[in-house]
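Engineer: The task is simple: from the sequences and hints, build the whole structure.
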Amino acid sequence: MQPTIRLAVALLALSSTSLAAPIVDDDAVPAAQVPEVGLGRDFHAGRRAALREVVDGGWILLRGLPATRDYVAFRQDKVFWYFTGIESPGASLLMDAAGETEILYLPDARPQVEQWEGPRWDTGDEWARAAAGVTDVRPERALLKDLEQLAAEGELTLHVPRDPWVTLAGATDRAWPYNREIERDPLDGRPSRERALAQALEERFGAKVENCSAQIAELRRIKTPEEVAALRRAADASVAAILEAVRSTRAGLYEWEIDALMTFVHRLQGGTGPAYYAIVGAGANSCVLHYSEVSKRLEPGEVLLVDYACELDHQTCDITRTWPVDASFSPRAAELYDIVAEAQVAGIAASVPGASFGDVDAACNAVFERHGVLDLRLHGPSHYIGMEVHDPGSYAKRLEPGVAITVEPGLYDTAAGIGIRIEDVILVTDEGPVNLTAGAPRARAEIEALRAQEGLLDRMQAGE
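Note that the sequence shown covers residues -20 to -1, 1 to 444 in mature numbering (1 follows the signal peptide of the UniProt record, and there is no 0).
Just so you know, the hints here were simulated from the structure itself, not pulled from any lab data. Please note that the accuracy of each hint is not assured.
As the list claims (entries may be wrong) - With beta-carbon atoms standing in for the labels, derived distance ranges: (1) Gln433 x Ala314: 14 to 22 Å; (2) Glu33 x Glu411: 45 to 53 Å; (3) Ala425 x Leu167: 37 to 45 Å; (4) Arg164 x Arg247: 35 to 43 Å; (5) Arg164 x Gln433: 26 to 34 Å; (6) Asp355 x Glu183: 27 to 35 Å; (7) Glu426 x Gly338: 43 to 51 Å; (8) Arg247 x Pro119: 48 to 56 Å; (9) Arg230 x Pro166: 30 to 38 Å.
Built from N, CA and C at the ideal position, the CB exists for glycine as well.
Structural biologist: Structure representation (structure tokens):
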């Protein structure tokens, strides 16, 4: 895309301001003092370049999150992190969609806050330009002035994401209904952060605001090598937790103890937090698809369905295994387990370039129909995964290399209190589907063999 005359004039105006000069000279900063951001400066710069390629003219405005209101560690909005790697509050990014201008806005230094809570990105950081790969760093207060200058040059088009912001354990498909419920509440009615931003840009600057969420989702749908490597790390940490949970399960424990054990292992493996809340359901709770209470005592004869994984380097995992509280499955549980395992094999085999989500669904359903248990199916078998456990993306598109999905068929005999689900993260490649969570056994005999091993909770109870 070639810059328009209007954009050229706007760029000239921006470059003539007193703030145009970089805050710091990164040439003076030793490389050893420049922190590594996210998945690497080049990765995030490449994502910005890719976004400019799919946005039609104007400017792109991305805003990071403010400091958290709670006593929890700050986590950045997934989209802002994707394009910057910056895990610090109060940052914004303005990019010329038709050129190469990138301006990073940072808050002023607050030494007292940093004394209490640790370092943050600010205008006093001499390494900011080098770390972010953005040549122009300005104080956050300059953003309004710069937007006013752009608006003064004529029609201003601003591309902003309108999908809800999402951070640790969040997902767009949960954030949308949450926002709608608040906006429709007659005693609340607050607009979402994204809606408020769009309204402010329109009213204050007369900007034409375009939604770039669809373009961003499409970029995220095809994983880069850096993202695949991070997905593998998240998968490995999550598999380690599943293995320990299978070993440690005993009648008399509580669901929350399995939750706590897995969270512990996630952290030991480098996980930065949960990809979603722990689903640990014993007996009848195994039939509640997203059960979250985790308070029941595990009883002999029950199955335990565990759907719990971690996030690592802003990539999530999503893994489910089902195993017996006893040493082996009951006859009915074994019957259903083997059918689900067969269906998952078929679903994974169907996860190839050119296939649709419907093809994966049909492959699983064919197995269920052959065994006469289709009426026990309560959900589809697949969704996108990436920075969010339910990553955004068009389900009308065909699978292609670099897409990561889950394959998770399940059967639920609610009358018997037996829910069986097996879920893995599958990377679509030209060479065939790659199971990133294959380190956790799926065959019933392998599950029962793992159940016979001593677990960490056994050793803790023995005082080791």
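Engineer: For this structure, which hints from the list above don't hold up?
Structural biologist: Hints 2, 3, 5, 6, 7, 8, 9 not satisfied by this model.
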